[in-house]
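Undergrad: Going by the UniProt record's numbering, the sequence shown opens with residue 1, and the numbers climb by one from there.
Don't read these hints as lab results, they were simulated from the structure.
One should not assume that every hint holds.
[What the hints assert, rightly or not] So the derived label-pair ranges between C-beta atoms look like this: (1) Val25 x Arg121: 45 to 53 Å; (2) Leu70 x Arg202: 49 to 57 Å; (3) Gly199 x Leu169: 19 to 27 Å; (4) Arg202 x Thr100: 24 to 32 Å; (5) Pro262 x Arg125: 15 to 23 Å; (6) Pro146 x Glu75: 29 to 37 Å; (7) Ile252 x Leu189: 15 to 23 Å; (8) Phe205 x Arg125: 18 to 26 Å; (9) Arg93 x Val25: 30 to 38 Å; (10) Ala104 x Asp196: 49 to 57 Å; (11) Met284 x Ile195: 38 to 46 Å; (12) Trp13 x Phe33: 55 to 63 Å; (13) Gly199 x Glu241: 41 to 49 Å; (14) Thr29 x Ile195: 51 to 59 Å.
For every residue, glycine included, the Cβ atom is placed at its ideal position computed from N, Cα and C.
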Amino acid sequence: MAVTSPRSGRLPWGRIAGWAVLVVVMIVTLFPFYWMLRTSFSSTRSLAAGATDLLPVDFTLGAYRRVLGLSSTAEAVAEGGSSGTVSFWLFLRNSIVVATVTTAGQVFFSAMAAYAFARMRWPGRDAVFMLFLTALMVPPIFTTLPNFILIKDLGLLNTYLGIVLPHLLMTPFAVFFLRQFFLGVNASLEEAARIDGAGHVRIFFRIILPVNKAPIATLAILTYITSWNDYFWPLLVGKDESVRVLTVALGIFRSQTPQGSPDWAGLMAATLFAALPMIILFTMLGRRVIDSIGYTGVK
């Protein structure tokens with residue numbers, strides 16, 4: 001005969017409380033995204049009257065038509081929207097180009113520098129690395145003016161190269177991040193490769209990079225998101241519409257308000273479009289970021 005534990009009939013209040021806290025945190029985290037959706041589907045003219053409504057106010061797709069350039073200026077103003085337009089596909093292309101080139105260059109050059117600091121022996125290596133790390137303590141804003149003067153003197157204002165060049169090479173954080181994983185690669189793999197006659201270049205491409213795919217993918221994701229969300233530097237050097245990125249375009253779109261108040265519905269629709277690629281990217285590859293936390297670098 002089975003014996004029933006006296007605890008079996010009790011509710012697991014601790015677990016229920018834990019799940020309740022998680023649900024509350026999830027709601028608080030996702031609510032701004034929902035509010036962005038709700039606003040984008042609302043009529044700009046009716047937003048003030050229904051500012052506290054949880055559902056879209058006078059549901060319409062007008063904001064999305066304005067953002068995608070499917071509405072004329074007269075139609076946009078009649079809907080209470082901005083008279084400005086967003087060349088969405090052009091700005092999306094510019095953002096993709098800038099983020100992709102920046103990520104590819106920064107990850108590749110940072111990996112080479114990390115390999116030099118982690119696996120190569122040369123006089124003063126550790127001292128140079130510590131000096132290199134001091135750059136982490138320098139706020140990025142301090143280098144903005146020198147970089148701008150350099151880009152201007154090179155005649156690279158309003159060009160893709162001018163936007164990506166200051167971030168194209170290695171960064172202290174990226175080098176430090178990858179170096180920690182490169183140090184953990186089993187030395188026997190490198191020794192076996194040297195016995196086979198492999199040099200540093202072959203070891204780097206055939207052993208170090210394949211073994212460290214997880215942290216490299218993590219760095220690439222973080223770099224891409226950072227580059228995609230960058231606003232200040234592209235605003236300084238990429239004012240021309242031909243190289244304007246989405247973040248800058250959204251700021252300009254917000255300032256074009258003939259009715260006296262921003263086109264919040266249009267702005268939220270454009271923001272949703274701008275954030276969607278990053279949401280998809282992180283949904284597909286975010287697991288690599290989590291997995292790399294426990295990655296040892298040894299295979």
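Undergrad: Now look at each hint and say whether the structure bears it out.
TA: Now for the hints, and whether the structure bears them out:
no.: 1; hint: Val25 x Arg121: 45 to 53 Å; verdict: holds (48 Å)
no.: 2; hint: Leu70 x Arg202: 49 to 57 Å; verdict: holds (54 Å)
no.: 3; hint: Gly199 x Leu169: 19 to 27 Å; verdict: holds (23 Å)
no.: 4; hint: Arg202 x Thr100: 24 to 32 Å; verdict: holds (27 Å)
no.: 5; hint: Pro262 x Arg125: 15 to 23 Å; verdict: violated (53 Å)
no.: 6; hint: Pro146 x Glu75: 29 to 37 Å; verdict: violated (46 Å)
no.: 7; hint: Ile252 x Leu189: 15 to 23 Å; verdict: violated (52 Å)
no.: 8; hint: Phe205 x Arg125: 18 to 26 Å; verdict: holds (21 Å)
no.: 9; hint: Arg93 x Val25: 30 to 38 Å; verdict: holds (37 Å)
no.: 10; hint: Ala104 x Asp196: 49 to 57 Å; verdict: violated (29 Å)
no.: 11; hint: Met284 x Ile195: 38 to 46 Å; verdict: holds (40 Å)
no.: 12; hint: Trp13 x Phe33: 55 to 63 Å; verdict: violated (31 Å)
no.: 13; hint: Gly199 x Glu241: 41 to 49 Å; verdict: holds (47 Å)
no.: 14; hint: Thr29 x Ile195: 51 to 59 Å; verdict: holds (53 Å)
Hint compliance for this structure: hints 5, 6, 7, 10, 12 are broken, all remaining hints hold.
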